[in-house]
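Quick note, the sequences are listed as chains A and B, same order.
FYI, this note's numbering numbers position 69 of the first sequence as 69, with every residue one higher than the one before it.
So the mapping is simple: this note's numbering equals the position in the second sequence, first residue as 1, plus 112.
Among the clues, some could well be false.
Stated by the list, open to error - Quick list of the computed label-pair ranges, beta carbon to beta carbon:
id: 1; chain 1: A; residue 1: Pro112; chain 2: B; residue 2: Ala194; range: 25 to 33 Å
id: 2; chain 1: A; residue 1: Ile109; chain 2: B; residue 2: Ala194; range: 41 to 49 Å
id: 3; chain 1: A; residue 1: Glu39; chain 2: B; residue 2: Met153; range: 15 to 23 Å
id: 4; chain 1: B; residue 1: Thr224; chain 2: A; residue 2: Thr20; range: 32 to 40 Å
id: 5; chain 1: A; residue 1: Asn75; chain 2: B; residue 2: Thr119; range: 32 to 40 Å
id: 6; chain 1: B; residue 1: Thr224; chain 2: A; residue 2: Lys56; range: 12 to 20 Å
id: 7; chain 1: A; residue 1: Thr81; chain 2: B; residue 2: Gln129; range: 35 to 43 Å
id: 8; chain 1: A; residue 1: Ile109; chain 2: B; residue 2: Asn140; range: 14 to 22 Å
id: 9; chain 1: B; residue 1: Gly128; chain 2: A; residue 2: Gly16; range: 48 to 56 Å
id: 10; chain 1: B; residue 1: Met131; chain 2: A; residue 2: Glu15; range: 37 to 45 Å
id: 11; chain 1: B; residue 1: Gly175; chain 2: A; residue 2: Glu26; range: 23 to 31 Å
Just so you know, the hints here were simulated from the structure itself, not pulled from any lab data.
Bear in mind that the values here come from a model prediction, so they are computed numbers and not experimental data.
Even for Gly, the Cβ is constructed at its ideal location relative to N, Cα and C.
Here are the chains, one letter per residue:
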Amino acid sequence: EDKVVQSPLSLVVHEGDTVTLNCSYEVTNFRSLLWYKQEKKAPTFLFMLTSSGIEKKSGRLSSILDKKELFSILNITATQTGDSAVYLCAVGSGGGADGLTFGKGTHLIIQP
Amino acid sequence: NAGVTQTPKFRVLKTGQSMTLLCAQDMNHEYMYWYRQDPGMGLRLIHYSVGEGTTAKGEVPDGYNVSRLKKQNFLLGLESAAPSQTSVYFCASSYSRQGAAEQYFGPGTRLTVT
Numbered sequence: 001e002d003k004v005v006q007s008p009l010s011l012v013v014h015e016g017d018t019v020t021l022n023c024s025y026e027v028t029n030f031r032s033l034l035w036y037k038q039e040k041k042a043p044t045f046l047f048m049l050t051s052s053g054i055e056k057k058s059g060r061l062s063s064i065l066d067k068k069e070l071f072s073i074l075n076i077t078a079t080q081t082g083d084s085a086v087y088l089c090a091v092g093s094g095g096g097a098d099g100l101t102f103g104k105g106t107h108l109i110i111q112p
Numbered sequence: 113n114a115g116v117t118q119t120p121k122f123r124v125l126k127t128g129q130s131m132t133l134l135c136a137q138d139m140n141h142e143y144m145y146w147y148r149q150d151p152g153m154g155l156r157l158i159h160y161s162v163g164e165g166t167t168a169k170g171e172v173p174d175g176y177n178v179s180r181l182k183k184q185n186f187l188l189g190l191e192s193a194a195p196s197q198t199s200v201y202f203c204a205s206s207y208s209r210q211g212a213a214e215q216y217f218g219p220g221t222r223l224t225v226t
């Protein structure tokens, strides 16, 4: 059974801090790892990673994948209150159903 | 472009009642998915479709049925609702198999079964 574990489950920091969110996985026939941000409604796409060691970057957010150690990190620098959300990690695999397997998410709260 | 839309946004059912959730996408995507999201459980795949006229089971299919009669629509049915089906339901679509493209999510339907 495919498994995705995120840590920490919740995190409270102050505006301006840098945070690192973790995602480890065990899946059959890995295809991709995706990060989503979920505020009050639909998850919105951040990154999709398929290759090890290649950092993806968008503004203050960046992410990297390690396929040997089976994990990914999502970094947010100079955090702002608008970064407060649940960050979801999901993995796509060839082991069965065509959908994504999600972790439980990291609830990030940025205090002013 | 509306993206992925879902109706209704909220619904309260009594145990044993039936209902259908509608998902529509205007991005011409082949792949569509239904997930449920419960506190502390993350999103779990219920059913999915890889094209018009096709459907397949996901991780938690029991108690649900789906249909994809038109490419742009994906319906999720509950024939006899149970309190365990109280959840937030998300529809998603993708232009390619997961692993090649991201999934776009609808705004969700909050369902309560009493």
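We went through each hint and held it up to the structure:
1. Pro112/A with Ala194/B: 25 to 33 Å: violated, 43 Å
2. Ile109/A with Ala194/B: 41 to 49 Å: Violated, at about 34 Å.
3. Glu39/A with Met153/B: 15 to 23 Å: Between glutamate 39/A and methionine 153/B, where Cβ atoms are some 19 Å apart, the hint holds.
4. Thr224/B with Thr20/A: 32 to 40 Å: Holds - the Cβ-Cβ distance for threonine 224/B and threonine 20/A, about 37 Å, lies within 32 to 40 Å.
5. Asn75/A with Thr119/B: 32 to 40 Å: holds, 38 Å
6. Thr224/B with Lys56/A: 12 to 20 Å: For threonine 224/B and lysine 56/A the Cβ distance comes to about 38 Å; the hint is violated.
7. Thr81/A with Gln129/B: 35 to 43 Å: holds, 41 Å
8. Ile109/A with Asn140/B: 14 to 22 Å: Cβ of isoleucine 109/A to Cβ of asparagine 140/B: about 38 Å, so the range 14 to 22 Å is violated.
9. Gly128/B with Gly16/A: 48 to 56 Å: Given range 48 to 56 Å: holds, Cβ gap about 53 Å.
10. Met131/B with Glu15/A: 37 to 45 Å: For methionine 131/B and glutamate 15/A the Cβ distance comes to about 43 Å; the hint holds.
11. Gly175/B with Glu26/A: 23 to 31 Å: Given range 23 to 31 Å: holds, Cβ gap about 28 Å.
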